[in-house]
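Below, each chain spelled out in residue letters.
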Amino acid sequence: MLKVESISKDYREFKLREISFDVREGEHFIILGPSGSGKTVLLEIIAGIISPDRGRILLRGEDITGLPPEKRNFSYIPQNYALFPHMTVFDNIAFGLKLRKIPRKEVARKVREVAESLGIDHLLHRKPRTLSGGEQQRVAIARALVVKPELLLMDEPFANLDVQTKSKLIREMKRWRKEFGFTAIHVTHSFEEALSLGDRVGIMLRGRLVQVGDVRDVFSKPKSEEVARFLGFENIIEGVANGRILKVGDLRIELPREVWGKVRVGIRPEDITIFMEGVKTSARNVFKARVEGIEDLGALVKLTLNLGGIILRAFITRSSLIELGIREGEEVYASFKASAIHVFP
Amino acid sequence: MMGRDYALYFFAALGSFLVVYIVLPIVTIFAKQALDFEMLVKTVHDPLVLEALRNSLLTATATALISLFFGVPLGYILARKDFRGKNFVQAIIDVPVVIPHSVVGIMLLVTFSNAILDSYKGIIAAMLFVSAPFAINSARDGFLAVDEKLEHVARTLGASRIRTFFSISLPMALPSIASGGIMAWARSMSEVGAILIVAYYPKTAQILVMEYFNNYGLRASRPISVMLMLISLSIFVFLRWLIGRVRE
Chain A
1 MLKVESISKD
11 YREFKLREIS
21 FDVREGEHFI
31 ILGPSGSGKT
41 VLLEIIAGII
51 SPDRGRILLR
61 GEDITGLPPE
71 KRNFSYIPQN
81 YALFPHMTVF
91 DNIAFGLKLR
101 KIPRKEVARK
111 VREVAESLGI
121 DHLLHRKPRT
131 LSGGEQQRVA
141 IARALVVKPE
151 LLLMDEPFAN
161 LDVQTKSKLI
171 REMKRWRKEF
181 GFTAIHVTHS
191 FEEALSLGDR
201 VGIMLRGRLV
211 QVGDVRDVFS
221 KPKSEEVARF
231 LGFENIIEGV
241 ANGRILKVGD
251 LRIELPREVW
261 GKVRVGIRPE
271 DITIFMEGVK
281 TSARNVFKAR
291 VEGIEDLGAL
301 VKLTLNLGGI
311 ILRAFITRSS
321 LIELGIREGE
331 EVYASFKASA
341 IHVFP
Chain B
1 MMGRDYALYF
11 FAALGSFLVV
21 YIVLPIVTIF
31 AKQALDFEML
41 VKTVHDPLVL
51 EALRNSLLTA
61 TATALISLFF
71 GVPLGYILAR
81 KDFRGKNFVQ
91 AIIDVPVVIP
101 HSVVGIMLLV
111 TFSNAILDSY
121 KGIIAAMLFV
131 SAPFAINSAR
141 DGFLAVDEKL
151 EHVARTLGAS
161 RIRTFFSISL
171 PMALPSIASG
181 GIMAWARSMS
191 EVGAILIVAY
201 YPKTAQILVM
211 EYFNNYGLRA
221 SRPISVMLML
231 ISLSIFVFLR
241 WLIGRVRE
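Chains as they are written, first to last, in our numbering: chain A, 1 to 345; chain B, 1 to 248.
So here's chain A without its partners, still in its complex pose:
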């Protein structure tokens, strides 16, 4: 649907280089990268606010690189939401509709409709500065969605919210997506957002989009050491949860809390311990695993473990490697506490 072709841009301290990717209809595309990597500049180029030095942007095959923002029909939500402070919530949401010369009654109906879906219909007469962060974010989303944009551009949408509001909004975002069926490009530095909401992800490091792909693929198979180091979380497992049990193939993994349905969980390599014999402890997940690789990292050793088809990486110290006498191809037991598992909502 949207095709970004070799975009380059020097803008203040940011240097974007040869950025190419495409976004499919109905997709939630995440651009993941540390701060200062140029994510916002890229988003504003797509929005038409900044023009690129080189490269093209195509919307359904049509070159829109030269179009001003108002002709693109993309909605942009900046990190600070940029609600119009001199207008009420109603007028904020109605802004785009009024520009489209929609009759007043129709505008009021649409505003009310979207405000109800987002749970802000009781705030319509208020001024933005009287709202909480979470409420402001909902207003910004309502204002963006009410015009039925081709593309929703979100810059760190949850970065300024407290943890609880954030996870609540992430959950609701999934619902709104079903309800409104939008296509989104979502810029973030949060793995949690990428794993919870993303269909595909592009990893952006120092002005380059270094890897694009399915969220799970990118997280489990980083193309370069740079990406792997940035992602940190090397063990991402996807399965079906039923309460506190996650089913992944034949494995039953105990989770730290109750979840239902398809989820992804992450375990840090340093949270996995290795035994030579199975120990029965109720609080632990213990699985038989085959050592497929041993990589020397100095004081630490990285093991590649195969747990009946699932690949996990684990760190152990060099001394315990020698003590346990672990060799490639050997059978060991891998264990991790349920509390060490991070469940991505």
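Read the hints as simulated data drawn from the structure, not as lab findings. Backbone N, C-alpha and C define an ideal beta-carbon position, used for all residues, glycine too. A couple of the hints might just be wrong.
Unchecked claim - Computed Cβ-Cβ distance ranges for the label pairs, DEER-style: (1) B:D82 - A:R112: 41 to 51 Å; (2) B:M229 - A:R112: 47 to 57 Å; (3) A:K168 - B:L242: 58 to 68 Å.
Dock chain B against the given chain A, drawing on the hints supplied.
Frame of chain A, contents of chain B only:
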């Protein structure tokens, strides 16, 4: 609690000199005029004085509006665009502040000669030269205080640049622009030097004060001064109050 902060007391004592210095002449002239009420009544009924006051108010108001009409677009450009020579333009805008006002009058007369000599146009020309910087700089500061992201969002929602200016940037910068307009107006009301050279006639109140002083002395020029001050100050204070309320 810590010991008394003597440094601050000391600074306050030094600083209050200037406050007293500004307030004292104002209070004195009002007080002295109150004792000479008869002369004040006489001046209020002097058609020459009333005509001059009217001229001052009209030209100052016209000047403020003209400086806003041209100053607001310029302020917007200065706030939003980086271009070559921007610093130079900014410096030019601040030049009128450093030129002696009699010199301003001479320059204007040399440049526009008969087109502005002794006419309303001349008064406004002189006022505009010295007051425009206030309008431009306040407008620029007002637009600078508007988060550019607001304009970006308005654009993506379908507003053209000009539409965005009128529905987002201008309303938000309005208090600052208005206070720039008031400063331009106040500066115009207080201008003498350039007007004296460019347009002695039609006579403005500022000029009349000087003429009465030269011809009839202090006692004759005092009541006009008091009236001029009363009008200027009350309009100034009222408008400032109004802006303060809008800002709330």
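Structure-based check of each hint:
1. B:D82 - A:R112: 41 to 51 Å: Roughly 42 Å apart at Cβ, these two residues keep to the hinted range, so it holds.
2. B:M229 - A:R112: 47 to 57 Å: Given about 56 Å between the Cβ atoms, the range holds.
3. A:K168 - B:L242: 58 to 68 Å: With Cβ atoms ~44 Å apart, the hint is violated.
Of the hints listed earlier, the one the structure fails to meet is number 3.
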